[in-house]
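Given the coordinates of chain F, work out where chain P with the ligands should sit on it, guided by the hints.
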Amino acid sequence: MHRGQVSGWDAAVASRIIEARRQEPGAMLPILHDLQETFGYVDRAALPLIADALNLSRAEVHGVVSFYHDFRSEPAGRTQVKICRGEACQAVGCRELAAAAERRHGLTLGETSPAGDLTLEEVFCLGNCALGPAVQVDGESHGRVTPDVLDALIATSRSRGHA
Amino acid sequence: MTVRIHVPADSAAASVGADQVAARLAIEIERAGLDARIVRTGSRGLFWLEPMIEIETAAGPIAYGPVAPADIPGLLAAGLIDGGAHPLRLGPTAAIPYLARQERLTFARCGAIDPVSVDDYRARGGFKGLERALAMKPIEIVEEVTASGLRGRGGAGFPTGIKWRTVLGATADQKHIVCNADEGDSGTFADRMLMEGDPMLLIEGMAIAGLAVGATQGWIYIRSEYPRAVTTFTRAVEACRRAGILGAKVGGTGPAFDITVRMGAGAYVCGEETSLLESLEGKRALVRFKPPLPALKGLFGKPTVINNVLSFAAVPTILADGAKAYADYGMGRSRGTLPFQLAGNIKFGGLVEKAFGMTLGEAIHDFGGGTRSGRPVRAVQVGGPLGAYFPADHLDTPLDYEAFAARKGMLGHGGIVVFDDSVDMAEQARFAFEFCAKESCGKCTPCRIGSTRGRETIEKVIRGEAVERNLALVDDLCRTMTDASLCALGGLTPYPVLSAIEHFPEDFDRAPARVAAE
Ligand SMILES: Cc1cc2nc3c(=O)[nH]c(=O)nc-3n(C[C@H](O)[C@H](O)[C@H](O)COP(=O)(O)O)c2cc1C
Ligand code: SF4
Ligand code: FES
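Residue numbers (the working numbering), protein chains in the order written: chain F, 1 to 163; chain P, 1 to 518.
Excised from the complex, chain F in its bound form (with noise of 0.2 Å):
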């Protein structure tokens, strides 16, 4: 999801995550999750790790890695934003919301800030279609969107980050 439950790299509890779940079928998009989730990002030590576990090769194991737009090799913004651009959000003015956001914070989507507080994203739809345009805020769904909203919930999350 978004921020990590645990700072740093860990071939400890990597190990003991991916053990946990090698013997399911299947087992590689849990895994990754599960690191993701624990890490907020899959790091690139734990390629051969998966690989050894699952009996595969690194580069197979890469291969999947890179093939999901979820998985990320580097740690998210402590704020993360996702913006959908879906047909129907574009119906009521994503493209502007986005713009917007990415001028204010003097980002493009698909970036994270240089002091790593803000990771802005597309997303191709929340679901939310019927109160667009949607967001996601830290794994939150936010309707109706406007550039205004955007950065009194990028505060919020901020403010409650470095509380």
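Just so you know, not all the hints are guaranteed correct.
Claimed, not checked - With a straight-line Cα cutoff of 20 Å, these simulated EDC-like cross-link-like pairs (lysine to aspartate or glutamate) come out:
no., chain 1, residue 1, chain 2, residue 2
1, P, K460, P, E506
2, P, K460, P, E502
3, P, K460, P, D475
4, P, K460, P, D476
5, P, K283, F, E60
6, P, K283, F, E111
7, P, K438, F, D52
8, P, K324, P, E140
9, P, K128, P, D321
10, P, K128, P, E143
11, P, K438, P, E459
12, P, K408, P, D393
13, P, K283, F, E122
14, P, K460, P, D509
15, P, K283, F, D52
16, P, K283, F, D43
17, P, K460, P, D420
18, P, K297, P, E281
19, P, K347, P, E238
20, P, K438, F, E111
21, P, K297, P, D173
22, P, K443, P, D483
23, P, K347, P, D328
24, P, K443, F, E60
25, P, K460, P, E434
26, P, K408, P, D483
27, P, K283, F, E24
28, P, K302, F, E24
29, P, K249, P, E238
30, P, K438, F, E122
31, P, K283, F, D34
32, P, K408, P, E502
33, P, K137, P, D321
34, P, K290, P, D483
35, P, K302, P, D258
If you're looking for bench data, these hints aren't it; they were derived computationally from the structure.
The following block gives chain P with the ligands in isolation, referenced to the frame of chain F:
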């Protein structure tokens, strides 16, 4: 007696403040010492009224909405827990015209029950279909589903009974039931609402499918953009296990059946059934060549039923009330009901479950109230990002698989996205290519590379560069994508592109680019 107050926990309702309403309500009930209990439900799907709360009275539920946290002291003072008068009072929920005019079979319970309570589900007629199925032979269940005329609700509209019969006929030591809950189409949210509001209906449908084909293992693949659906559905599965509905003896007396919940990872193509199977197996989700059909060689190489959420969710009703009762709804070869989703620039956006056959215009104007902006409707995209754009003069098209196909469109998952007259259709065509380029699984060249070239070419048109020649190039590219793509992502991207060009030519007729003037 303790009064039940229903507050949706649906993620769309939460996106406009339902959690804050529930929190404030809890504080105020405690403070006033009222004998009332908050139950978090799904949504009724009247999103412009969310957060909409309901009080269970002897005469049925009374609705209030949209409620803000600050309204709550006033509502309680006005006698909320007795259904008292207040400017936000909407009256008996069932009498709200938007709901009263629907034909809700699949969504009858959504918003009216605690989604993770087996008792609530059963009290409202749940598990009747499963009980009947437990007394039937597998082939009888398959025949009942076939006779209902149910066609897959995930997009392609393939008859569900025929698919099940193939899996029933296959011999194997293990068979699987897979639920496709990847709902990636923009403008659709019915699967999400059902998983958050009445997940046990889906569990019951999957269990009946297991009985019908002899499968003991079920899987559901839910997209990661739907975290609440993952949580609620998982809790519902656990509750069903505790109640002995899932597990060693399905429904308490049948063979084994259990469900594993898996979360996707943000790839649209995983909604394609063979891509989804690859993903469940832990691989890069490249689309498979067919044959072999998943029905014969599916998950882990075993015979597999793969259906959409709404297809499975229709099955308990078909078993409980009989195939004929279901087939009596609808028109032509489109039987039963479809939960349509009104989205985009629409005043009364939400879920409308109706028999097939209402026109697109009736859905948008009679239910949706026209555009949210108040400007004229200019374009409507039905069926997700691969669906055609229809102009306003196509609003007489009945919502029916064949009627849409006849106008080079598709009904897909029933998502209706409305645009007003400020839309730039060249920009929409450009986006269709961009989406395909971003989401392509990469297996075939026309889809992987053609979509990028298509985007560049439309961008030239938008800039006014050699418009006629570039539009001819787009046409050519689209033909190649249609003919040479392995799956519908590459194969249907021409629908939004070509329909935009055909119906809205004025948006592509750009002034020639001004060449450097000096
Ligand atoms: C690119 C692509 C995306 C799809 N996305 C979905 C989806 O999100 N949900 C779904 O049920 N079917 C989706 N489908 C259709 C499935 O491949 C398949 O037809 C369907 O799951 C079968 O179930 P049904 O017969 O119950 O409709 C998609 C197809 C394609 C080509
Ligand atoms: S059409 Fe596109 S998404 Fe479908 S199989 Fe080919 S490359 Fe993959
Ligand atoms: S298109 Fe934005 S939430 Fe569905």
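A quick look at each hint next to the structure:
1. P/K460 - P/E506: 16 Å, holds
2. P/K460 - P/E502: Roughly 18 Å separates the two Cα atoms, so the pair holds.
3. P/K460 - P/D475: Between P/K460 and P/D475 the Cα gap is close to 14 Å, so the pair holds against 20 Å.
4. P/K460 - P/D476: 16 Å, holds
5. P/K283 - F/E60: Between P/K283 and F/E60 the Cα gap is close to 8 Å, so the pair holds against 20 Å.
6. P/K283 - F/E111: The given pair, whose Cα atoms are some 27 Å apart, is violated under the 20 Å limit.
7. P/K438 - F/D52: The hint is violated at about 31 Å.
8. P/K324 - P/E140: 14 Å, holds
9. P/K128 - P/D321: 9 Å, holds
10. P/K128 - P/E143: Measuring from Cα to Cα gives roughly 18 Å; hence the hint holds.
11. P/K438 - P/E459: At roughly 16 Å apart (the allowed maximum being 20 Å), P/E459 and P/K438 satisfy the hint.
12. P/K408 - P/D393: The given pair, whose Cα atoms are some 14 Å apart, holds under the 20 Å limit.
13. P/K283 - F/E122: At roughly 24 Å apart (the allowed maximum being 20 Å), F/E122 and P/K283 break the hint.
14. P/K460 - P/D509: 12 Å, holds
15. P/K283 - F/D52: 16 Å, holds
16. P/K283 - F/D43: 19 Å, holds
17. P/K460 - P/D420: Outside the cut-off at roughly 25 Å; violated.
18. P/K297 - P/E281: 13 Å, holds
19. P/K347 - P/E238: 38 Å, violated
20. P/K438 - F/E111: Within the cut-off at roughly 17 Å; holds.
21. P/K297 - P/D173: Roughly 12 Å between the alpha carbons, so the hint for P/K297 and P/D173 holds.
22. P/K443 - P/D483: The given pair, whose Cα atoms are some 15 Å apart, holds under the 20 Å limit.
23. P/K347 - P/D328: Roughly 31 Å separates the two Cα atoms, so the pair is violated.
24. P/K443 - F/E60: Holds, because 16 Å separates the two Cα atoms, which is no more than 20 Å.
25. P/K460 - P/E434: Holds - the C-alpha atoms of P/E434 and P/K460 are around 14 Å apart, at most 20 Å.
26. P/K408 - P/D483: Holds, at roughly 16 Å.
27. P/K283 - F/E24: 14 Å, holds
28. P/K302 - F/E24: 17 Å, holds
29. P/K249 - P/E238: Distance of about 15 Å is within 20 Å: holds.
30. P/K438 - F/E122: 11 Å, holds
31. P/K283 - F/D34: Answer holds: P/K283 to F/D34 is near 17 Å, not above 20 Å.
32. P/K408 - P/E502: 11 Å, holds
33. P/K137 - P/D321: Status holds; Cα separation ~17 Å.
34. P/K290 - P/D483: At roughly 16 Å apart (the allowed maximum being 20 Å), P/D483 and P/K290 satisfy the hint.
35. P/K302 - P/D258: 17 Å, holds
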